[in-house]
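Model the full structure from these sequences, guided by the hints.
2 protein chains.
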Amino acid sequence: MSTTFFEKHRETLEQAVRATASRIYWSPYPESPSPRVYGEEANELGRAAFEAYKNSDFPLAADGATGTIGDEVSPFGPSLGIQYPYVPVENLLEQSRRAFDSWRKAGPQAWVGVCLEILHRLNQRSFEMAYAVQHTTGQGFMMAFQAGGPHAQDRGLEAVTYAWQDMSRIPEQVLWEKPQGKHDPIRMEKRFTIVPRGVGLVIGCSTFPTWNSFPGLFANLATGNTVIVKPHPGAVLPLAITVSIARDVLAEAGYDPNVVQLAVHDVNDTDTVKKLALDPAVRLIDFTGSSANGNWLETNARQALVYTEKAGVNQIIIDSADDIKSVARNLAFSFALYSGQMCTAPQNVYVPRDGIAVGDGRMSFDEVADALGAAVERLVSDPARAVEITGALQNEGVAKRIERARALGLPVVHDSQPLAHPQFEGARCVTPLLLQTDANDENIFQEWFGPIVFVVATDSTEHSIRLARDTVLHHGALTLAAYTTDDAIAQKVEDAACEAGVSLSLNLTGAVFVNQTAAYSDFHGTGANPAANASLSDTAYVSNRYRVVQTRWHV
Amino acid sequence: MSTTFFEKHRETLEQAVRATASRIYWSPYPESPSPRVYGEEANELGRAAFEAYKNSDFPLAADGATGTIGDEVSPFGPSLGIQYPYVPVENLLEQSRRAFDSWRKAGPQAWVGVCLEILHRLNQRSFEMAYAVQHTTGQGFMMAFQAGGPHAQDRGLEAVTYAWQDMSRIPEQVLWEKPQGKHDPIRMEKRFTIVPRGVGLVIGCSTFPTWNSFPGLFANLATGNTVIVKPHPGAVLPLAITVSIARDVLAEAGYDPNVVQLAVHDVNDTDTVKKLALDPAVRLIDFTGSSANGNWLETNARQALVYTEKAGVNQIIIDSADDIKSVARNLAFSFALYSGQMCTAPQNVYVPRDGIAVGDGRMSFDEVADALGAAVERLVSDPARAVEITGALQNEGVAKRIERARALGLPVVHDSQPLAHPQFEGARCVTPLLLQTDANDENIFQEWFGPIVFVVATDSTEHSIRLARDTVLHHGALTLAAYTTDDAIAQKVEDAACEAGVSLSLNLTGAVFVNQTAAYSDFHGTGANPAANASLSDTAYVSNRYRVVQTRWHV
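Residue numbers (the working numbering), protein chains in the order written: chain F, 3 to 557; chain B, 3 to 557.
Treat the hints with care, since some could be wrong.
[To be verified] With a straight-line cut-off of 20 Å between C-alpha atoms, the simulated DMTMM-like cross-links for lysine to aspartate or glutamate are: (1) F:Lys494 <-> B:Glu191; (2) F:Lys56 <-> F:Asp73; (3) B:Lys180 <-> F:Glu33; (4) B:Lys494 <-> F:Glu191; (5) F:Lys327 <-> F:Glu379; (6) B:Lys494 <-> F:Glu174; (7) B:Lys180 <-> F:Glu379; (8) B:Lys184 <-> F:Glu33; (9) B:Lys56 <-> B:Glu427; (10) F:Lys107 <-> B:Glu427.
No wet-lab data here; the hints were simulated from the structure.
Listed below in structure tokens is the structure:
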């Protein structure tokens, strides 16, 4: 039983290994929510499954539960009314420790096989997941489907792939023969055992509950660790579905389902995560969220390896362009997409105060700012179409942040306005806010999570590059983009990106946006600047989640 | 120029990659100090080179030096009288930062090529290194040659190999094409740049200055980081020679020699290492030494990745044996070898108080203890032969520790006695001290670094296994060995070793000793217990020393 799932998905795994080596485009999980791909009834079945969760107890047979808990409200309006089992921290930890005792002995093929089957079933339930993600995060349906479904599954598979690749380098047993000249060689048998670290804690965020949690979840599982999944209280459902599927697969494979558990807590309860994070049994923590919380974990959870993705300030350098309209169109989409509630969304746009070269002529700073504002306006002019891009604000905090930004009193390039959602009356949908400022404004050195953009006047492109580099070094960033027709400038920006440790996109004017990364090809985060201490995913992200213990004896 | 060295040594590197995958025996650096291998004059040339260093200024053209410093005394007697350049911390850091600016751009083939050439030259100077190691550490000549020379070079090459293997997985540039159904695919070029972390600090120890420092030194260099090598003030010469060779190779390859620098300080100066370790530019620290200092670094040097090898309690479980004499002979050698001044040397020997099964009969606890004592006595009975095994005590602290152990008042199984060295009158040579105690004695739960062994009475083999496991979990260990003729017991010990995270040697009675590990095959340390937070060497040891920055653009 233990390797049946591994054999079933071996071909997928081998393809994934090749994809991470070549870094070309590849995915086993179609991103199109088309009936031709997922079946004629997939959408309706998914919607029905989601609707059935509402206003009832989530069907999860959680050991050690002492009650129920849950308070999710859709950013598109209605309260979800879903109640999840409440399992006290002590029970979660005790059950995870016990599950670890047997799971750790199952070995790499069993661990990886279980992961691949969980991912396969998650893929089959991508529509159900899409509705769950949409109505917890506020993402538009298409993004909820893609980023919450296939793309998140890709990131999970990617972590499994790195884990498998690294573990499978270690032979199980070898005969070691050391020549002794004329004498018989010294001969030893050596057995190498992959030993996982222990209990892993995966802390989810409210905006990308699956995409940002799957790498840590699957990196831990694939290397033999157990996992306690702690969703953000505002976005439990996607991870509850995930945990439910994982427990089914574990049970079918003959393992303790408590290898994967769900830790739901009240939104005002900060004790649960602290107790979990500081427990000696918890040896791995994967976190996505605020810098304050991420830094707290790095400083205090010293018994664990802590992988964090935190806040940052993503930046755009505009030096020159062939066609400002295609630049502005691409950027406007990046500003509006899921209302900037992406760790990769651009915030600061640097434009020299003396203007830029465009085609054969020049444009002033104001003209560039106006072009950006106009492109946003065009993009959001049809509310019914716009809300599919902007989605809804995940929580009131984002709405208040927009108000705070507006209250700074800076010149407004494009104002944030409510968008009427044709389907959901109470949806918290708005257009992006673009403000104008200059490089001395301290406000640009912090993250304004949400649809808030600063168009920043700089002294020159050289100044823009220095500013971008130093901001990454001191405040962190997940993305940097630049627009230039000058190869020498492009080289300088690339040098600055390497020095600061941030991914760079050059001259994006087409169907790829700076917010997006593609699994198996693009690294998400570098682990080289304050926005994240690790990259999703690479060898370093998995190779320390297990250790090797060897036994040797003479033969 | 930049890849000449890489091409020169490519075949060695490829063989090393294969060796780490197969984990069979392999080495490019012969461990035999035979004239047939290293040349008829190699020994005399090496000795002459060593003698020429004595009582003079070490020939190292160190930038930023403000004076000289040095106070090494051979554990075999004479003061070495070598003066090294003294470079203030500020100068070291500034020079390392400046060297990093160009070195980081050289790329993996240049970094690895330089490493391979340094190792090659170190190998050619193995005799010179042997004398340097002998007269700083107190190792006997044969060990000084092997562990200080070829085996240390092996560990350096091993680190380079893991680094190369991991970095070479990342393609330099790829064309990424995402199908768009009937439309043209989205096409992007993506360039991936290996970006090193910054300045590395390698903190050497007094007993294995090269063996324990080479992994960190070469892991850093091979991944494009610069290195400040800070030797123990009592064992500077081996690392001064190393740094001198490294700087020669760097200069010949056209790089700033300050990529590798030597930081010598006074034995009473604790400021230097603190200043270095806490500087924001220092992003990597490799440390071998006491738990107090290692834990201090882990807790305080938060700006750096810290790899530590600290103290531990290595243990032997004796359950049963075919022939106690071969067991005792093997263990006696492990106790005496370099007077137990090895992080892998056994300290606690667990024997059930009711005795053990031996061959067809049984032996009492006392008989087992006596057999161990007798084997030690036989091994050291000829002082001229014994001192080649025991070497000399590196410092007075070890001698005082033996006195403290004797003062515990425990029954003496074998007393520590001075050994007259036939060649060096003032040599600090002694025989091992074996004491008898039981499992309640708190003294066995700390490291007694030196030739100090406790033969510990336990309730049973089950008790011995539990005791060994818990001691590893709470106090750390680099090695565990067991003697048993019972496969079920062997399995239980192996389970305990996996649970506690420590390497296990079973029934060593021949020419391999528990203290020894073989590069490319045996992992040194697991990184899974308190004795070390990393293993030398594996993927995890190298893969986080660099990051990847990517640049992508449409085509």
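Comparing the hints with the structure gives:
With a CA separation close to 18 Å, the supplied pair Lys494 (chain F) and Glu191 (chain B) stays within the 20 Å bound. For the given pair, Lys56 (chain F) sits about 11 Å from Asp73 (chain F) by alpha-carbon distance, which is consistent with the 20 Å threshold. Our distance criterion of 20 Å between C-alpha atoms is met by Lys180 (chain B) and Glu33 (chain F), whose separation comes to about 12 Å. Under the criterion of a C-alpha separation no larger than 20 Å, the hint pairing Lys494 (chain B) with Glu191 (chain F) is consistent with the structure, at around 18 Å.
Taken as a hint, the Lys327 (chain F) and Glu379 (chain F) pair is honoured in the structure, with Cα atoms around 13 Å apart against an allowance of 20 Å. Among the hinted pairs, Lys494 (chain B) with Glu174 (chain F) is consistent with the structure: their alpha-carbon atoms are about 19 Å apart, no more than 20 Å. Among the hinted pairs, Lys180 (chain B) with Glu379 (chain F) is inconsistent with the structure: their alpha-carbon atoms are about 29 Å apart, more than 20 Å. A distance of roughly 16 Å separates the Cα atoms of Lys184 (chain B) and Glu33 (chain F); the hinted pair therefore holds under the 20 Å criterion.
Proximity of Lys56 (chain B) to Glu427 (chain B) is assessed by CA-CA distance (about 18 Å); at most 20 Å being required, the pair is judged to hold. The hinted pair formed by Lys107 (chain F) and Glu427 (chain B) fails the criterion: a straight-line CA distance of about 56 Å is larger than 20 Å.
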